[in-house]
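As they're listed, the protein sequences go chains L, V and H. In terms of my numbering, the first sequence has 38 at position 38, counting the first letter as 1, and numbering is strictly consecutive. In terms of my numbering, the second sequence has 547 at position 230, counting the first letter as 1, and numbering is strictly consecutive. In terms of my numbering, the third sequence has 903 at position 250, counting the first letter as 1, and numbering is strictly consecutive.
Keep in mind that the hints were calculated from the coordinates and are not lab data. Heads up, the beta-carbon is just placed ideally off N, CA and C, and yes, glycines get one too. A portion of the hints provided could be inaccurate.
Computed list of chain L residues with no C-beta within reach of chain H, every gap over 10 Å [said to hold, decoys possible]:
#: 1; residue: 44
#: 2; residue: 71
#: 3; residue: 84
#: 4; residue: 91
#: 5; residue: 103
#: 6; residue: 153
#: 7; residue: 170
#: 8; residue: 171
#: 9; residue: 174
#: 10; residue: 176
#: 11; residue: 205
#: 12; residue: 216
#: 13; residue: 224
#: 14; residue: 278
#: 15; residue: 301
Here are the simulated DSS-like pairs of lysine-lysine, each with C-alpha atoms no more than 27 Å apart in a straight line [to be verified]:
#: 16; chain 1: V; residue 1: 402; chain 2: H; residue 2: 837
#: 17; chain 1: H; residue 1: 892; chain 2: H; residue 2: 1080
#: 18; chain 1: H; residue 1: 892; chain 2: V; residue 2: 485
#: 19; chain 1: L; residue 1: 262; chain 2: H; residue 2: 729
#: 20; chain 1: V; residue 1: 485; chain 2: H; residue 2: 837
#: 21; chain 1: H; residue 1: 837; chain 2: H; residue 2: 1080
#: 22; chain 1: V; residue 1: 443; chain 2: L; residue 2: 304
#: 23; chain 1: L; residue 1: 232; chain 2: L; residue 2: 304
#: 24; chain 1: H; residue 1: 729; chain 2: V; residue 2: 402
#: 25; chain 1: V; residue 1: 485; chain 2: H; residue 2: 729
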Amino acid sequence: MGALPGRGWVPIGAVGQQTQSVASAAAYAGPGQIDRRPIPDDVRRRRFLLSVARHAVLIAVGAMFVAPFIFVVLTALMTDDQAVTPSFWPRPFVWHNFPEVFDRIPLLQYMWNTAQIGILSTVGIVLSCVPVAYALSRMRWRGRQFSFVLVLSTIMLPIQVTIVPLYVLWVRFGQIGHLTPLILPSFLGDAFSIFLLRQFFLTIPDELSDAARVDGASEFQIMTRVIVPLAKPAIAAVALFNFLYNWNDLFAPLLFLGENQKLWTLTIALTEFQQRHGTEWNLTMAASVLFMLPVIILFLLSQKVFVEGVTLTGVKG
Amino acid sequence: MATTVTTAQHVGPFAEAAAVPRRPRRRNIGRGLTVLLFMAPWILGFLGLVLYPMLSSLYFSFTKYSLLEDPIWIGTQNYSFMFTKDPFFWLAFRNTVWIILVGVPLRVMFGIFTAWLLTLPRAGSKTYRTLYFLPTMAPPAAAALAFVLIFNPGFGPINQILQSFGMKNPPLWFYGPNSSKWGLAILGLWGVGDAMIIFLAGLLDVPRHLYEAADIEGATGRQKFRFVTLPMISPVIFFSLVIGVIYGFQLFTQAYVASLAATGSTVNDAASNLGAPQGSLLFYSIYLFQQGFQDFRMGYASALAWILFLITMLCTLVIIRGSRRWVHYQGGGGFR
Amino acid sequence: MRRWVGVLATFALLAAACTTGGGDDAPSVIDTGGDASHEPVVLEIWGAWTGRELEQFNKIFDGFTEQYPWITVESKGGVGDPKILAAINSGTAPDVVLSFTLDSVGQFCESGAWQDLNPYIEQSDFDVSQFPPSVEAYTSFADSRCAFPFLTDAYGLYYNTDMFDEAGISEPPTTLTELQEDAKKLTEFNGDGSIKRAGFVPWLGYYEFSIPNLANIFGATWYNDDVTESAVATDPLWKAAFEWQHEFIADVYGDGDFQTGADRLERFVAGAGDEFSTAHDMYTERIAMNLDGEWRTAFIADEEPNLPYSTAPFPLPDDQADEYGRGQIGGTIIGMPKGSPHPAEAWLLLQFMATDTDTLVYMANNVRNVPTTLEALESPDLDVTPQFQTFLDIFEDPNSHYKEPSAIGASDQNIVQAFASRWEVGKQTDLDAGLADAAQQIDDQLAQAAI
Chain L
1 MGALPGRGWV
11 PIGAVGQQTQ
21 SVASAAAYAG
31 PGQIDRRPIP
41 DDVRRRRFLL
51 SVARHAVLIA
61 VGAMFVAPFI
71 FVVLTALMTD
81 DQAVTPSFWP
91 RPFVWHNFPE
101 VFDRIPLLQY
111 MWNTAQIGIL
121 STVGIVLSCV
131 PVAYALSRMR
141 WRGRQFSFVL
151 VLSTIMLPIQ
161 VTIVPLYVLW
171 VRFGQIGHLT
181 PLILPSFLGD
191 AFSIFLLRQF
201 FLTIPDELSD
211 AARVDGASEF
221 QIMTRVIVPL
231 AKPAIAAVAL
241 FNFLYNWNDL
251 FAPLLFLGEN
261 QKLWTLTIAL
271 TEFQQRHGTE
281 WNLTMAASVL
291 FMLPVIILFL
301 LSQKVFVEGV
311 TLTGVKG
Chain V
318 MATTVTTAQH
328 VGPFAEAAAV
338 PRRPRRRNIG
348 RGLTVLLFMA
358 PWILGFLGLV
368 LYPMLSSLYF
378 SFTKYSLLED
388 PIWIGTQNYS
398 FMFTKDPFFW
408 LAFRNTVWII
418 LVGVPLRVMF
428 GIFTAWLLTL
438 PRAGSKTYRT
448 LYFLPTMAPP
458 AAAALAFVLI
468 FNPGFGPINQ
478 ILQSFGMKNP
488 PLWFYGPNSS
498 KWGLAILGLW
508 GVGDAMIIFL
518 AGLLDVPRHL
528 YEAADIEGAT
538 GRQKFRFVTL
548 PMISPVIFFS
558 LVIGVIYGFQ
568 LFTQAYVASL
578 AATGSTVNDA
588 ASNLGAPQGS
598 LLFYSIYLFQ
608 QGFQDFRMGY
618 ASALAWILFL
628 ITMLCTLVII
638 RGSRRWVHYQ
648 GGGGFR
Chain H
654 MRRWVGVLAT
664 FALLAAACTT
674 GGGDDAPSVI
684 DTGGDASHEP
694 VVLEIWGAWT
704 GRELEQFNKI
714 FDGFTEQYPW
724 ITVESKGGVG
734 DPKILAAINS
744 GTAPDVVLSF
754 TLDSVGQFCE
764 SGAWQDLNPY
774 IEQSDFDVSQ
784 FPPSVEAYTS
794 FADSRCAFPF
804 LTDAYGLYYN
814 TDMFDEAGIS
824 EPPTTLTELQ
834 EDAKKLTEFN
844 GDGSIKRAGF
854 VPWLGYYEFS
864 IPNLANIFGA
874 TWYNDDVTES
884 AVATDPLWKA
894 AFEWQHEFIA
904 DVYGDGDFQT
914 GADRLERFVA
924 GAGDEFSTAH
934 DMYTERIAMN
944 LDGEWRTAFI
954 ADEEPNLPYS
964 TAPFPLPDDQ
974 ADEYGRGQIG
984 GTIIGMPKGS
994 PHPAEAWLLL
1004 QFMATDTDTL
1014 VYMANNVRNV
1024 PTTLEALESP
1034 DLDVTPQFQT
1044 FLDIFEDPNS
1054 HYKEPSAIGA
1064 SDQNIVQAFA
1074 SRWEVGKQTD
1084 LDAGLADAAQ
1094 QIDDQLAQAA
1104 I
């Protein structure tokens, strides 16, 4: 189970002192410095050795996490004969494997398909979940608690329970082999994102909304002018999570797009690539690298958002 | 001693609403409409994407339905076939239960371990954290393929290393029915980053003063871990378990990709080779996918889906019930 | 709340009840005369071929367009059965489909996923005797003839002639006893006991050694006459087949002990090279003899032309030695999916592909499959190497056959395979119980499908 298979980022925790954890997890950089008296040499030496030992373990574990990436990249640069041998350093370096992948499959087309789905879904999610989360957190109304529980309960619903009739529905509408089944549902809300946003909205002090209300602003105006600007980190996190989820998903795209090769997403393409060129592991790894690259770059650029988002709702209580 | 008179003296289910001062009627309707408007996307979504399909699939589960013809009502035959005559159902069920019972606890423990590691260093902790979290960013399909190659019994690096340590017959990993699920479990451990991050947050939130109090009482490292750390992060453990179980039942991508890759199956064999080697990677959602969308037995697939739902709910309830005993929420005061 | 549930339930029922029902009637036959003007039509055909074979396959449509200039054909390769079924079920089917999986004929015909061609046959006065009688059995099911053959496979024995010479074997084995003896002579072990070179590998899942092939060698039948009951437990040849497998493994690889042999063989099989790569075990000389189809001759010519090999019909049980020369046959099928957008033109294409001698001979010469019309089999243009001739003979042998089709597709194979996988590693030791269990499961599936 690499990434949690599904939208598994969001804890079913409740409110808590999130901001503290967020700040600490995101910014943890070690214990602070205090003024001390001079440390005796043997203590210093022991502490140094301990530190070295700690780093050794950390590096060793870190190496285990990173090694597969290195292996994949190195294999991607081998000839296909060398790829199926135990040797780990490419001799020669076959940089040509990467353009070769583009020759074998229309990778750019697939990237564009996947990006389309990702971006449009994300837009849909944000547009549909922000108002719902707002209503669930910043407005008081009868049935609010019940609705929230209902939203939560759908998180637990396995996709398999609804997928068969949904498939049949899309067949009736003639949308199998089109992107619609993957994009349209995002405009109808998503339980995780609603939950995440709601939790964050709850941490915004009431006074801000009340002040705006006193000034005569409508709820819509409060939402767009007061809450949304303050909730940018949460919204960014939701957007990123959803984009990532769509980038990686296999089940739904396979189902709805499987037979229309022109609209395949990268995940489908990679699976099919392996099935057809399965004996050329070097190319398969090259294709994997190209598939992983965009999201890893995205991750490295937006680490903070990820980490904050994962811990956003608080995991205590 | 003042008797504070508040509007919320009775604490009923609608105390919240009752606490709101009454407003003129027109404004009430206006507000009601606004709420409705704001909630509209989700309401539509719930009706159209949740409620309707659920009822529909419940209906389908009592029919034989292949899309080429109308659904034919067959009563409980799908269910009786499933429980009494379908060996693949039980195989899929057993495989899924195995991966959950083995994979989830391992992941939780490894998540705590790596999170704890990340709390140690003073310098470079951010780099370590990035490195440890990186595998989670790898798309599951690509990760599965990479692992099939890395764990290739013939020339993959893992077996090379094992052999150099003297192991005569290293496991066949994804190519052998007894070891393939272990390959998936290790893949899950590699991607422990998402669990690790929330454990890290949990560990950092343990109030310092508790550790100091334990130190004063002369607690050892192990005792501190057992009596301070664990209870304090028990909500995170609880959460990880619940999420792990729920998504464990839905495991699809990695098993699908690994199964097809390891058997070297061609495009055409794909249909009958899901779950290979020898059905060891036939998990519940893969079996469901095969029945519903390769053999087009949609009625049966719907029945499978509902059983999945019920089992998931059951397991979740069991964990939640059990959690009362060992999950400790901060603000409740006292240990354990 | 209750009212809502009722409304939604009704909605669900209504939605579920609307289907694209009904079959297609055969359209009026279109005029193929030279001066009749026709609207240009583009036909789409989906098939499973890829790579070199796909390229060769695509060339045949030039001949078709020559004959019917207003029709162009677009061919899509690499499409397996699941995708074809998905397209048919979702109403986006192409005009013509091509499949390698004979096993699905039963389902295709019965469900109407592939249309019954009999109305078209009648209307065009199509002569079905152009096909040899053996193809009849695998292109129809339950009164529906929903497929035409498009070249076929035949399975036989491939053996390395150099290794035979070294071991002093002058002729290929014709009985299973001889096969076992020869395999013993040809097998070599490493110092640690593992297998270095295997004489012959009777391991289910190893390349083409599959349950249907095993059953075919012994002539075991799958069903009773009207395909309502499985014969796996009742036909004694099944038991004979599995017992033979155990004895073979014990004798050739286990120094008389089955479990030893099975463990060694399992490990050996795990290291096999990919079937469709240059690492195939025959090329790398890991094996001396192999069961394979006639297409392998083309692959060898392409990938390992210097391989010293020859072919022969596969050995049969000693008590069936008089039938030597038969083998498993059955191959590619083509048909018109339900919802085919241009049925009239599709029918023209189907006829062309199935009967045009030039096309069949071209495919036979290039892709190295066996042509499926009597005329093509006799054609002087057929490029026949001695190794390939074996398979032509096997196909023409009156006892060659494929397993009987059924309404449950490949499920019967999967069920027996599940049992066999445990049997061949030694996990299942009670053969009778295992076969009875498999037969029961197949019967259950048949019952389930017949509702």
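Comparing the hints with the structure gives:
no. : hint            : result
1   : 44              : 54 Å, holds
2   : 71              : 20 Å, holds
3   : 84              : 7 Å, violated
4   : 91              : 19 Å, holds
5   : 103             : 14 Å, holds
6   : 153             : 16 Å, holds
7   : 170             : 8 Å, violated
8   : 171             : 5 Å, violated
9   : 174             : 7 Å, violated
10  : 176             : 4 Å, violated
11  : 205             : 37 Å, holds
12  : 216             : 37 Å, holds
13  : 224             : 33 Å, holds
14  : 278             : 7 Å, violated
15  : 301             : 36 Å, holds
16  : V:402 to H:837  : 42 Å, violated
17  : H:892 to H:1080 : 17 Å, holds
18  : H:892 to V:485  : 35 Å, violated
19  : L:262 to H:729  : 12 Å, holds
20  : V:485 to H:837  : 26 Å, holds
21  : H:837 to H:1080 : 25 Å, holds
22  : V:443 to L:304  : 10 Å, holds
23  : L:232 to L:304  : 13 Å, holds
24  : H:729 to V:402  : 39 Å, violated
25  : V:485 to H:729  : 47 Å, violated
In this structure, the earlier hints numbered 3, 7, 8, 9, 10, 14, 16, 18, 24, 25 are contradicted, and the remaining ones agree with it.
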